[in-house]
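Protein chains in written order, with UniProt numbering: chain B, 1 to 97; chain A, 1 to 355.
In short, the hints are calculated from the structure, not lab data. Glycine included, every Cβ here is placed at the ideal spot set by N, Cα and C. Please note that the accuracy of each hint is not assured.
[As the list claims (entries may be wrong)] Negatives, chain A to chain B, calculated, CB over 10 Å:
| hint | residue |
| --- | --- |
| 1 | Ile27 |
| 2 | Trp63 |
| 3 | Gln72 |
| 4 | Pro85 |
| 5 | Thr102 |
| 6 | Lys217 |
| 7 | Gln319 |
[Stated by the list, open to error] Each computed DMTMM-like pair below joins lysine to aspartate or glutamate, with the alpha-carbon atoms no more than 20 Å apart:
| hint | chain 1 | residue 1 | chain 2 | residue 2 |
| --- | --- | --- | --- | --- |
| 8 | A | Lys86 | B | Asp90 |
| 9 | A | Lys86 | A | Asp252 |
| 10 | B | Lys83 | A | Asp74 |
| 11 | A | Lys212 | A | Asp74 |
| 12 | A | Lys229 | A | Asp74 |
| 13 | A | Lys217 | A | Asp74 |
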Amino acid sequence: MTNMIHIDNAAIAFVQQQGGVVTVRLSPKHGCCGGLASVAVAETQAPNNPEAFQRQVYQGITLWVAPELAAQGLRIGVEGWWKLRHLYVDGAALSAG
Amino acid sequence: MPTENNASPTSADMGLFERYLSVWVAIAIVAGIALGQFAPAVPEVLSRFEYAQVSIPIAVLIWAMIFPMMAQIDFSAIAGVRRQPKGLTITTTVNWLIKPFTMFALAWLFFMVIFRPFIPEELASQYLAGAILLGAAPCTAMVFVWSYLTRGDAAYTLVQVALNDLIMLFAFAPLVVFLLGISNIQVPWDTVILSVVLYIVIPLAAGYFTRKTLIAKYGTEWYDNVFMKRVGPITPIGLIVTLVLLFAFQGDVILNNPLHIVLIAIPLIIQTFLIFFIAYGWAKAWRVPHNIAAPGAMIGASNFFELAVAAAIALFGLQSGAALATVVGVLVEVPLMLALVRIANKTRQHFPENA
Numbered sequence: 001m002t003n004m005i006h007i008d009n010a011a012i013a014f015v016q017q018q019g020g021v022v023t024v025r026l027s028p029k030h031g032c033c034g035g036l037a038s039v040a041v042a043e044t045q046a047p048n049n050p051e052a053f054q055r056q057v058y059q060g061i062t063l064w065v066a067p068e069l070a071a072q073g074l075r076i077g078v079e080g081w082w083k084l085r086h087l088y089v090d091g092a093a094l095s096a097g
Numbered sequence: 001m002p003t004e005n006n007a008s009p010t011s012a013d014m015g016l017f018e019r020y021l022s023v024w025v026a027i028a029i030v031a032g033i034a035l036g037q038f039a040p041a042v043p044e045v046l047s048r049f050e051y052a053q054v055s056i057p058i059a060v061l062i063w064a065m066i067f068p069m070m071a072q073i074d075f076s077a078i079a080g081v082r083r084q085p086k087g088l089t090i091t092t093t094v095n096w097l098i099k100p101f102t103m104f105a106l107a108w109l110f111f112m113v114i115f116r117p118f119i120p121e122e123l124a125s126q127y128l129a130g131a132i133l134l135g136a137a138p139c140t141a142m143v144f145v146w147s148y149l150t151r152g153d154a155a156y157t158l159v160q161v162a163l164n165d166l167i168m169l170f171a172f173a174p175l176v177v178f179l180l181g182i183s184n185i186q187v188p189w190d191t192v193i194l195s196v197v198l199y200i201v202i203p204l205a206a207g208y209f210t211r212k213t214l215i216a217k218y219g220t221e222w223y224d225n226v227f228m229k230r231v232g233p234i235t236p237i238g239l240i241v242t243l244v245l246l247f248a249f250q251g252d253v254i255l256n257n258p259l260h261i262v263l264i265a266i267p268l269i270i271q272t273f274l275i276f277f278i279a280y281g282w283a284k285a286w287r288v289p290h291n292i293a294a295p296g297a298m299i300g301a302s303n304f305f306e307l308a309v310a311a312a313i314a315l316f317g318l319q320s321g322a323a324l325a326t327v328v329g330v331l332v333e334v335p336l337m338l339a340l341v342r343i344a345n346k347t348r349q350h351f352p353e354n355a
């Protein structure tokens, strides 16, 4: 399968250290005056509901991707230090909640 | 990812509540005034529940408004500040070094000079104080919706919100005290500190530890899709209930001076456009991509009303002109921001391609 999400080398190394699994999904954010917009996030854990995700294997890591994000050409990197070190998703616009 | 050919989202993509927020706020004003006039015992009884001059019902409502917003902040996103340095420089400078001072200057010009024949001096000072509180509290959560409507960069929006909230923790109180001081509005430092602790530090700490504890136990997906789904809508409900209560106390002020709402709105509207165009124009001059420029300009144009309302009530009381001024900010928020969304979407082609 063609990988539609690019994961940089540092992020691959980070994911491998964390167990080799990454989930890319939409995280809803609530507005203070109502409203909802969703932000793409990547986390080093398997989804709660794997049937709702597309599974890919990418350079030895298992990638679970929400279908609505699969074809967006996203890029996953890693940033931060020590306990703040985390994955980020670049290239995504916000989505409707 | 949306492409340049895709149509931008419009206000129709917003939910019914937020799209017609001005209508609900207007209804809350009328309901509150009616409550105060026809059932004066209700606000009278509620006003008795005080501890250390803090109204307990109001404090509970304010926490209900602010806690959900704080509980969704991911402070680890601050680690991304290096990715869009131009956008963050513009946003941070405009939000904290320009916006509070332009709001003060505009409010002073209108309330103390231009509208002097229409507003008694004491009330004008109160409106000025309310405007200062609005100017010192940039938007913290609604910017996600404005960013969505302008196809803003999601990762950048997360970072700017986290950074803005962290700065607010330290900058809000000194800015407010300084600007109130030069306006000759005396507010004791301990009262300001108490309101910052009550309405920023406590909700922020509660939100942070709730987020940390629940994510450790149930995971981020559960936190977002179950916990926040239940807790998130409490904010706008808390806002409307607070407004009803506030106007139950404010009834006489409004009934005696109905024109004042329009007068208060004028400098607030000018400030919204001014701050948007300063940040947006600066972003254009620096050739910042549109998906960074738009959310970067939106965050300063919009305000963290819940905090401004809370601080106004804590510092000046429910019946104060300062509290009324902050509410007028809520009243005009959505139509103004939707106008800015339209401007941002129509001027997209003048900016470099998305980052």
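Okay, the hints, checked on the actual structure:
1. Look at A/Ile27: its CB is around 14 Å from the nearest CB on chain B, clear of 10 Å, so calling it non-interface holds up.
2. Listed as a non-interface residue, A/Trp63 keeps its Cβ farther than 10 Å from every Cβ of chain B; the least gap is roughly 14 Å.
3. At roughly 6 Å, the least C-beta separation between A/Gln72 and chain B is not larger than 10 Å, which violates its mark as non-interface.
4. With a closest Cβ-Cβ approach of about 13 Å to chain B, A/Pro85 is found to remain outside the 10 Å limit, as its non-interface label requires.
5. Distance to chain B confirms A/Thr102 as a non-interface residue, since its nearest Cβ pair spans about 22 Å, more than 10 Å.
6. Every CB of chain B is more than 10 Å from the CB of A/Lys217 (nearest about 13 Å), matching its label as outside the interface.
7. Its beta-carbon lying about 24 Å from the closest one in chain B, A/Gln319 satisfies the requirement of being farther than 10 Å from that chain.
8. Restraint check: the Cα-Cα separation between A/Lys86 and B/Asp90 comes to about 17 Å, which is no more than 20 Å; the hinted pair holds.
9. For the given pair, A/Lys86 sits about 48 Å from A/Asp252 by alpha-carbon distance, which is inconsistent with the 20 Å threshold.
10. Distance hint between B/Lys83 and A/Asp74 is fulfilled; the C-alpha atoms sit about 13 Å from each other, no more than 20 Å.
11. This hinted pair checks out: A/Lys212 and A/Asp74 have alpha carbons roughly 10 Å apart, not beyond 20 Å.
12. A distance of roughly 16 Å separates the Cα atoms of A/Lys229 and A/Asp74; the hinted pair therefore holds under the 20 Å criterion.
13. Of the supplied pair hints, the one linking A/Lys217 and A/Asp74 holds, its CA atoms being roughly 17 Å apart against a limit of 20 Å.
In summary, the numbered hints that this structure violates are 3 and 9.
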